[in-house]
Amino acid sequence: DVKVTQSSRYLVKRTGEKVFLECVQDMDHENMFWYRQDPGLGLRLIYFSYDVKMKEKGDIPEGYSVSREKKERFSLILESASTNQTSMYLCASSSDRENSPLHFGNGTRLTVT
Amino acid sequence: AQSVTQPDIHITVSEGASLELRCNYSYGATPYLFWYVQSPGQGLQLLLKYFSGDTLVQGIKGFEAEFKRSQSSFNLRKPSVHWSDAAEYFCAVGPINSGYSTLTFGKGTMLLVSP
Numbered sequence: 529d530v531k532v533t534q535s536s537r538y539l540v541k542r543t544g545e546k547v548f549l550e551c552v553q554d555m556d557h558e559n560m561f562w563y564r565q566d567p568g569l570g571l572r573l574i575y576f577s578y579d580v581k582m583k584e585k586g587d588i589p590e591g592y593s594v595s596r597e598k599k600e601r602f603s604l605i606l607e608s609a610s611t612n613q614t615s616m617y618l619c620a621s622s623s624d625r626e627n628s629p630l631h632f633g634n635g636t637r638l639t640v641t
Numbered sequence: 321a322q323s324v325t326q327p328d329i330h331i332t333v334s335e336g337a338s339l340e341l342r343c344n345y346s347y348g349a350t351p352y353l354f355w356y357v358q359s360p361g362q363g364l365q366l367l368l369k370y371f372s373g374d375t376l377v378q379g380i381k382g383f384e385a386e387f388k389r390s391q392s393s394f395n396l397r398k399p400s401v402h403w404s405d406a407a408e409y410f411c412a413v414g415p416i417n418s419g420y421s422t423l424t425f426g427k428g429t430m431l432l433v434s435p
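Here the protein sequences line up with chains A and B, keeping their order. Letter 28 of the first sequence, counting from 1, is numbered 556 in the working numbering, and no numbers are missing. Letter 18 of the second sequence, counting from 1, is numbered 338 in the working numbering, and no numbers are missing.
Here are the computed distance ranges between Cβ atoms for each label pair:
1. B/F371 to A/L569: 24 to 30 angstroms
2. A/S610 to B/G348: 34 to 40 angstroms
3. A/D566 to B/A349: 26 to 32 angstroms
Interface residues of chain A toward chain B, partial, derived using beta-carbon atoms under 8 angstroms:
4. L569
5. P629
6. G635
Computed list of lysine-lysine pairs in DSS-like fashion (alpha-carbon distance at most 30 angstroms, straight line):
7. A/K599 to B/K369
8. B/K427 to A/K531
9. A/K585 to B/K369
10. B/K427 to A/K541
11. B/K369 to A/K531
The hints are simulated quantities; they were obtained by calculation from the structure and are not laboratory data. In this text, a Cβ means the ideal position worked out from N, Cα and C, and glycines have one as well.
Using the sequences provided together with the hints, build the complete structure.
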């Protein structure tokens with residue numbers, strides 16, 4: 529069974545800190561995604577990657593960057609955390625096979641104070 | 321641009337009663353359609369998906385959904401709800417063969433199950 533693991537379930541950081549959210553998948557998936565989930569707004573795509581060292585902006589990339597140095601790992605970086613980045617962050621992965629589903633991690637709830 | 325509307329923010333259903341969660345989409349061609357469920361503190365789990373073919377799709381946990389092109393709808397149904405079905409449900413739509421980067425999620429419907 530596919531496993532997408534997010535390293536932290538809960539994080540509390542201070543405004544201005546640099547924050548790293550880590551995501552690892554164990555199924556050799558080509559594609560990885562970072563979403564942000566907020567009440568009443570659903571899921572919004574921040575960044576995605578179709579290959580190692582490749583990244584593309586999603587719908588709300590401002591204030592975020594990503595890193596994909598290895599195929600199995602996709603990191604979301606908040607260069608200088610702000611209170612409006614308090615949210616639930618979800619990582620997901622999928623393969624290139626036709627009709628392959630999107631698999632999600634359990635999420636990281638980040639609070640910026 | 322594609323969009324997804326889940327008209328109900330919250331729905332309360334008695335245990336054992338039937339359930340229908342509504343999803344309407346806007347898209348210019350035949351889309352990929354999905355339903356995901358999110359239990360408290362968990363990520364999203366795929367319930368079912370429609371790509372083509374039979375418009376009535378069976379999923380996991382006894383759920384089904386029907387694609388109605390004329391109504392631009394993809395409503396989720398279950399004949400008898402269990403207390404463990406209490407969760408948030410998300411409908412999603414995307415263009416065929418374009419990858420998940422273009423997937424659009426609805427804002428979710430929270431299902432509450434009363435005893």
